[in-house]
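Everything in the sequence shown is counted per the working numbering, starting at 2 for the first residue and increasing by one.
Calculated from the structure, these hints are not laboratory results.
Using N, Cα and C, we set each Cβ at its ideal position, and we do this for glycine too.
Where hints are given, some of them may not hold.
[As the list claims (entries may be wrong)] In silico SDA-like pairs for lysine to any residue, Cα to Cα no more than 25 angstroms straight-line:
1) 4 - 14
2) 7 - 41
3) 63 - 47
4) 63 - 35
5) 3 - 14
6) 7 - 66
7) 7 - 45
8) 7 - 20
9) 7 - 48
10) 6 - 44
11) 6 - 47
12) 7 - 59
13) 64 - 54
[Said to hold, decoys possible] Computed Cβ-Cβ distance ranges for the label pairs, DEER-style:
14) 37 - 16: 40 to 48 angstroms
15) 60 - 7: 19 to 27 angstroms
16) 55 - 6: 18 to 26 angstroms
17) 68 - 20: 17 to 25 angstroms
18) 5 - 36: 31 to 39 angstroms
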Amino acid sequence: MKKDKKLYMTIVWLICLFISIDVGNHALQFFENIGLNVWGARAVGAIACVLMGTIFYYLWIKKVSEKN
2 MKKDKKLYMT IVWLICLFIS IDVGNHALQF FENIGLNVWG ARAVGAIACV
52 LMGTIFYYLW IKKVSEKN
């Protein structure tokens, strides 16, 4: 039973990780296309990725880990 909980938490972390990376990539592509400097666009993409990960942590991962 404990192994199932760890597997579930791993899957939750991976889903959050991939979605956060995808949001960061979309932000990067958007700001590159509007003509922003590539380093500025990368910084904005990284910040978007970190913000999305933080939001997922506080709204989903923390609640799931408290239940288990």
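Here is how each hint holds up against the structure:
At roughly 15 angstroms between alpha-carbon atoms, residue 4 and residue 14 fall within 25 angstroms of each other, so this suggested pair holds. Proposed proximity of residue 7 and residue 41 is contradicted: the alpha carbons are some 38 angstroms apart, above 25 angstroms. Distance check on the hinted pair: residue 63 and residue 47 sit about 22 angstroms apart at the alpha-carbon level, within 25 angstroms; holds. Taken as a hint, the residue 63 and residue 35 pair is broken in the structure, with Cα atoms around 36 angstroms apart against an allowance of 25 angstroms.
At roughly 17 angstroms between alpha-carbon atoms, residue 3 and residue 14 fall within 25 angstroms of each other, so this suggested pair holds. For the proposed pair residue 7 and residue 66, the alpha carbon gap of about 10 angstroms is at most 25 angstroms, so the pair holds. Taking the CA atoms of residue 7 and residue 45, the gap is about 33 angstroms. The hint is violated against a cut of 25 angstroms. The hinted pair formed by residue 7 and residue 20 meets the criterion: a straight-line CA distance of about 20 angstroms does not exceed 25 angstroms.
With a CA separation close to 29 angstroms, the supplied pair residue 7 and residue 48 exceeds the 25 angstroms bound. At roughly 35 angstroms between alpha-carbon atoms, residue 6 and residue 44 are farther apart than 25 angstroms, so this suggested pair is violated. Of the pairs offered as hints, the one joining residue 6 and residue 47 is violated, with about 30 angstroms between alpha carbons and a cut-off of 25 angstroms exceeded. Of the supplied pair hints, the one linking residue 7 and residue 59 holds, its CA atoms being roughly 19 angstroms apart against a limit of 25 angstroms.
The hinted pair formed by residue 64 and residue 54 meets the criterion: a straight-line CA distance of about 14 angstroms does not exceed 25 angstroms. Restraint check, residue 37 to residue 16: a C-beta distance of roughly 29 angstroms breaks the suggested window 40 to 48 angstroms. As the Cβ distance of residue 60 to residue 7 is approximately 21 angstroms, the hint placing it in 19 to 27 angstroms holds. With their beta carbons about 23 angstroms apart, residue 55 and residue 6 fall inside the hinted range of 18 to 26 angstroms.
Checked against the hint of 17 to 25 angstroms, the C-beta distance between residue 68 and residue 20 comes to roughly 20 angstroms, which is consistent with it. Between residue 5 and residue 36, the C-beta spacing of about 49 angstroms breaks the proposed range 31 to 39 angstroms.
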